[in-house]
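Fit chains B and C to the known structure of chain A by using the hints.
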Amino acid sequence: MKKIGPPVDRVDGPLKVTGGARYAAEVPVARVAHAVLVLSTIARGRITGMDTGKAERAPGVLAVITHKNAMHLPPQPTRETRASQGDHVLQLLQDDHVLYNRQPIAIVVADTFERAQHAAHLVAVRYEAAPVDVDLLRTRTAARAPHPPYHGTVAQTLPVESRRGDVAAALAAAAVRVEEVYTIPAETHNPMEPHATIAVWHGPTHLTVYDSTQGVFEDQRKLAASLGLPRENVRVISHYIGGGFGTKGAVWSHVPLAAMAAQKVGRPVKLVLSRPQMFGPVGARPQIEQRVVIGAGRDGVLAAIRHEGRSSVSQFDQFCEHFTAPTRALYKCPNLDTTERVVSLDIATPCQMRAPGEVTGTFALESALDELAVKLAIDPLELRLRNYAETDPETGRPWSSKSLRQCYQTAAEKFGWSRKKPQPRSMVDGKLLVGWGMATATYPANVRPASAIATLFADGTALVRAGTQDIGTGTYTVMTQVAADALGLPVEKVRFELGDTDMPETPTSGGSCTAASVGSAVHQACLGAREKLARLGNGGGADPSVDEPFAAQLARHGMKRIEARYDAKQLETRDRYAMRAFGAQFVEVRVDPELGEVRVSRAVGAFAAGRILNAKTARSQLLGGMIWGISMALHENTVYDPKLGRIMNNDLSEYLVPVNLDIPAIDVLFVPEDDPYVNEIGVKGVGEIGITGMAAAVANAVYHATGRRIRDLPITLDKLL
Amino acid sequence: MREIRYLSVAAEGPAIRALQADTDATYLAGGTSLLDLMKLEVLNFAQLVDVNAIPLTKIEVSNDGARIGSMVRNSDLALHPEIAARYPLLSEALLSGASPQIRNMATVGGNLLQRTRCYYYRDPSTACNKRNPGSGCAAIDGYNRNHAILGTSDHCIATHASDMCVALAALDAVVHTQGPGGERHIPFAEFHRLPGDHPEIESVLQHGELITAVSLPPPTGLRQSRYLKIRDRASYAFALSAVAAALRIEGNLIRGARIALGGVGTKPWRAVEAEQALVGKPANRATFTLAAAETVRGARTRPHNAFKVELTRRAVVRALSTIRGAS
Amino acid sequence: MATDLIPLGDPSLRQKVRLELVVNEERRDLVIDGYKSLLELLREELQLTGTKHGCELGECGACAVLLDGQLVLSCLVAAVECDGRSVQTVEGMQNGPTLHPLQSCFADAGAAQCGYCTPGFLLAAKELLERKPDATRAEIAEALSGQLCRCTGYLQIFEAVEAAAAQLRGGR
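Protein chains in written order, with the numbering used here: chain A, 1 to 721; chain B, 1 to 327; chain C, 1 to 172.
Calculated directly from the structure, the hints in this document are not laboratory data. Be aware that a few hints might be false.
As the list claims (entries may be wrong) - Computed cross-link-like contacts, DMTMM-like style, restricted to lysine to aspartate or glutamate with a CA-CA straight-line distance of at most 25 angstroms:
#1 K643/A with E294/B
#2 K132/C with E92/B
#3 K643/A with E41/B
#4 K431/A with D22/B
#5 K54/A with E294/B
#6 K132/C with D76/B
#7 K58/B with D68/C
#8 K132/C with E82/B
#9 K16/C with D111/A
#10 K719/A with E294/B
#11 K16/C with D22/B
#12 K643/A with D141/B
#13 K54/A with D76/B
#14 K719/A with E310/B
#15 K414/A with D68/C
#16 K16/C with E3/B
#17 K54/A with E3/B
#18 K16/C with D24/B
#19 K281/B with D111/A
#20 K431/A with E139/C
#21 K431/A with E92/B
None of these values were measured; they are calculated from a predicted model.
Isolated chain A (complex conformation):
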């Protein structure tokens, strides 16, 4: 197996460049009607009256569904009884409570999309509104421990506190101390494809849903539970997804509501959220405030770290951003104290957003380390090397593999870090200030149980299937490669199918776990098929490239096909090793000293993430992650009106993400890494690590350019005037 796979072209490329790839809302369904959600315009209170007459009489309208006439659902889970990560507490028109602004409070169904949209505006709602509390930094509501089970990462449940050593004593004795507060606003995922669902009933008890989702099986479970159907009666299909980034990793209210609407009108129903509706009812990165206290010796050796903070959550559901996770893992430090708290506010439930916890915590920790480096006049890279963790500082376990030192070296060399002038404002380009900053990147190597089925055909081709999703990350392509590799076939002879609950079960695509989890299952299923073939005997060699091709073997046995299924389990070695991917990121910014405009002019990232299945798709993931980090550092900010509790910059003109012209030259470098323990195929995943160090690296570069330390994201020009 090669450590870095060939840059095979995406197998879905041709369909995507011709318009042939059909996303959820584009599946042709006969007689489909269009549903549009009506969302609340207050953040807290009760609905005291709804006038739906005008909407009902509007042209083309088939139904207006509110809490008065919606189907009665079985009891829904609460914050305390929810079953799993994706099991959110939803708002399914069962009562008159309003819990957040832009909560679904009605659905209008009409024969065309525009008529439904217009009629939705005609629904008049009266409320009894209560004062709202939406700002984490201004609230008087006390922070509290989250309700277990904690819902912060996809792969595992993490503790919200950790202690080792004696932090208070070590801080008191430390020669140098840094203590600062870092804040991050709520951020909104905004995949280019809005959430979209088509619900089709087959009789009263069987449902098919085409959904834009990162997890068809989570979708299936949640739909079945919400609607009171047996799970096997619900089929979810999701062949192409126009980006997710976490917002499509859980099921939100509109999905069961689409099914309820379809049942009401007796026709298939298509429900697409408008862009403004993407701001609120489908999750966001929570607002976060973190305090980091570091004590160190004059030599920069860490004596103690205290990392504590709070993130926002809704009043009715759970989510805890595990922002201290990277602090527990990144550096050798004998005394550590971490605490994560949440504050319930009148907002919709936040959720995972690209590298949840990891990027937010890394921003605080890696900014604070930079502050320590400045204080000690030690080069920031040197400071990190002096505190390099040879084993996992939290558990003491050895790393399954760790090549961070090589990442630092590779990236620093490419960037030219040794030419850095340490003083702030000491590097200029004409009238612009130039700043260099760096940070460490890390992300856990997650694996979750997955299954796959491989079928070999007598014509020499193979079909491999797993229910999983391709959210733009390249699942179609890398799974085709993994299968071809295991079968010894050229990729053209292998077809990989996904996105259907009728296929073998796989995890939600989140936590950068798909390549590792589904890849392992695909690999094993393919090996299984070859073994089966070998067991047929009679010279059935296991390697078709050097022996008799499997097509010939099948023919000789008079078989049209042979099939093997694999149900993945967690590898035992996962308990013996600590497993993370690591990287190093270096950023150059140019800052206009008078106008405060910041532009990233150059960035280099080097990553070691186990085996890279496909150099091309992996580079795309890492580049995308790095640009997300730039976006987080400089742009992204979900703004609530303090009185209305409503997100006001709810479109793509006001919620800024980078455009082409914002993007500098970026180098992504792979540090080869062989990891025999992490999973069958040695893959750690690359979907999220790219973002993790970037926000801190940018902030550190801005400090170096200007001498101004911005601890409150995003770094907009008004903060530098």
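The following block gives chains B and C in isolation, referenced to the frame of chain A:
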């Protein structure tokens, strides 16, 4: 969007008559600041009178000035060689606005009437005197980072969003219209209204009055100019502050000056006092700093947009000092 | 311009409009609702779903098409405005089975990730290269800045457009 009636017209007369016959009708040109707001149900016209077929698409440039048909697309105007040569300020301003896609669609006439980007104006569930007169202004005590600091009233602090209009204000443009009452030639400074007690009335246009052209006087001695737009990302973003500046420098003395501001005013903002502070003075940083202070004199800020005062001062200094011939 | 309202008997059809347009070189005669945007006409009536619905407000570029060769945002064009005009969508970019160089370069460079922004980028790039065959990277960046990509594959998109431009200049 509600069910609309649609009428396409190929001449001014039928267009004006169509609107006269229907108080609930409006003209459709590029659509870039109309159809989005109709989808959001911020605007709710019952009839659209499509004026795209009216041949008001000529650009005439001579020594007497320029005359630009109201249906000229922003991209065609920006890239017109004689406009770019004689009125580079206008070209630069146009090219800094929106995206090429939108500039291909947006017209000169439509851009004069570009609607504000106030978050509250665009959200029918909130109070907004501009959208719903008398309902109040949620922006004043709400989130107001992109809002105006000049020309505001107690009823509205919404910013005028057009870049083109900032250049036109600096260039002393005249807006030509045809309406039920005949032709009018409206000096640019009088075209847009301050919000005052009636923020819903944004210009002096009467219902049915059709913008036919914009004319520019000759750019005598004002060809050294600069359009500087400060924004949160490199492209495709509205201005936090924008400066259209032009100078005529003879010797080292400023003999003529124009300054207009965008992103900070409730209408395209001509800074006449600042211009007066420049004339007769040496073209140096000290002069520019004094003039810059004039541009924001009387600014009324809200918590989130207070930075625009200092930003605008600095932007004005920058724009003036990067004009060729200035030091 | 044949855009008068058609007085059809059924009052619910009052707002229907007859429309003749050319889509991807094929003439279409349609009777449509007057409120339809070009985007929804393409997606819902003609099932040409390659043109994407990203924001409906002219802010993301996903719905970009060529209207008489000009790049426009189809979400902000009333379908009735398109009478007598010619529309090109991503479905009309290839020549028979042969992909347009931009299409093959996007596929090769991995410029299509989730793929949702891809059709808009392709048409924006096509319009640019027809106008400016030797566009610089800065010109490409500016021309494409109205097209948002949230997978943020901007570098691969630059690479694809530059590669396609070279191919097109080479007359291939």
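Review point. Okay, which hints does this one fail, numbers in order?
Key: Violated: hints 1, 4, 5, 13, 15, 19.
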